[in-house]
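**Q** Chain residues, written in single-letter form:
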Amino acid sequence: MWVYEKKLQIPVRVCGPNPRLASYIITQYGGPEGELGASLRYLNMRYSMPTNKAKGILTDIGTEELAHMEIVATLVHKLLEGASVEQIKAAGWGSHYADHDKALWWENAAGVPWVAAYVSATGDPVADLQENLAAEAKARAVYENLIRLSDDPEATNVLRWLREREVVHFQRFGETLMDIQEYTKQKKYY
Amino acid sequence: MAQYQLLMQIMQLEFAALELNLFLDTHPDCQEALAQYNKIHQELMQCKHAYEQTYGPLCNFGFSPNTGNYWKWVETPWPWEIKY
Ligand SMILES: [Fe+2]
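Chains A and B are the protein sequences, given in the same order.
Mapping of the first sequence onto full-length UniProt numbering: residues 1 to 190, in sequence order.
Mapping of the second sequence onto full-length UniProt numbering: residues 1 to 84, in sequence order.
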C-alpha cells in the first residue's frame, strides 16, 4: 500500500522558462539511470530478497525514488512553463513538442522511450544488490553531467541535492550487500 | 508566508526522519538513531497537525483530517504548482 503526501520532498524553484535544460533533465525522469527505473528496480527486487533488512531498505529507497521522480517531473514542468513554441523549437525540443506538447514523458535526453530492459532482476541477492550499487553510481554520474550542463542556478541546487541522495543510497546498499554476504556465508553450514 | 515556513519545517523534519529510517534499516540496533527517530517523529506529527488544521490535508486515504464543509484535497494546490 502506498499513501500520497501532497508535498514535494524539497522545494523546487527555477529561474524561468528553459526548454533546453528541460530536454536534458528529462533523462532522469525516463532515461536508463532515471528515477522511474530506480524506483521500479528496487521495489521489484524485494520479493526475492532473503533478509528482512534487505526488504526494508529496498522498500524505503524505492519509495524515496518515487518522490525523486516527482521532483524531476516538477523541474521539467516548471522549465517548460511559459516557454513559447518558438523557444521550444529553438531549444531543439520541437521533436518532443510534436508528440507530447508540454506533457511529460518517460524518455532519455535523445527522446528514446523508457524500457523495462533498463531494470535487471536475476533473483540472486548478491548480483542484484551489486546492480543497485552500479545504478546509484551511474545516477550520480548523470546528475553530475546535468549539473555541468545547467545554466539555471535554482535548478542546479535541486540537481545537487538529488546527486547527494544517490551517494547516500550507494552507502546503504553497500551495507546491505555486506549483510547479505554474511547471511549467505552462514547459510552454508545449515 | 506562514504556510511556506510551516511546510519547510515539515520538509526538514520529514527528511531527517527519512535519513534516520534508511540508516536504521542497516543499523537496526543503534540506540542513538532510534532515540533521534522517535524525537523527530513527535515533532513532525505536531507540525503536520498544525499545518493540516489551517491549510488542509497533506495525505489522502484517511491519514489526514478534513476540516470545514468542503473536501479540501481537491482545493489546495498540487506540489508542482506551488511557487516557492
Ligand atoms: Fe537513488
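Hint data in this document are derived by calculation from the structure and do not stem from the laboratory.
Take the hints with a grain of salt, since some may be wrong.
As the list claims (entries may be wrong) - Chain B side only, calculated, beta carbon under 7 angstroms to chain A, not exhaustive:
1) Asn21
2) Asp25
3) Thr26
4) Tyr55
5) Leu58
6) Cys59
7) Asn60
8) Tyr70
9) Val74
10) Pro79
11) Trp80
12) Tyr84
What the hints assert, rightly or not - Keeping only pairs whose Cα atoms sit at most 27 angstroms apart, straight-line, the calculated DSS-like set for lysine-lysine is:
13) A/Lys6 / B/Lys72
14) B/Lys72 / A/Lys7
15) A/Lys89 / A/Lys185
16) A/Lys6 / B/Lys39
17) A/Lys55 / B/Lys72
18) A/Lys185 / A/Lys102
19) B/Lys83 / B/Lys72
20) A/Lys7 / A/Lys102
21) B/Lys83 / A/Lys102
22) A/Lys6 / A/Lys102
23) A/Lys185 / A/Lys55
24) A/Lys102 / A/Lys89
25) A/Lys53 / A/Lys138
26) B/Lys39 / A/Lys7
27) A/Lys55 / A/Lys6
28) A/Lys187 / A/Lys102
29) B/Lys39 / A/Lys53
30) A/Lys187 / A/Lys138
31) A/Lys55 / A/Lys138
32) B/Lys83 / A/Lys6
33) A/Lys7 / B/Lys83
Said to hold, decoys possible - Cβ-Cβ distance ranges computed for the label pairs, FRET-style:
34) B/Trp78 / A/Asp99: 18 to 28 angstroms
35) B/Thr54 / A/Ser48: 43 to 53 angstroms
36) B/Gln3 / A/Glu154: 19 to 29 angstroms
37) B/Gln31 / A/Asp179: 34 to 44 angstroms
38) A/Ser95 / B/Cys30: 42 to 52 angstroms
39) B/His27 / A/Gly94: 25 to 35 angstroms
If you're wondering where the values come from, they're calculated on a predicted model, not measured in any experiment.
All C-beta atoms in this analysis are idealised placements derived from N, C-alpha and C, irrespective of residue type, glycine included.
**Q** Sort out which numbered hints this structure fails and list those numbers smallest first.
**A** 4, 8, 9, 15, 17, 18, 28, 30, 37 and 39
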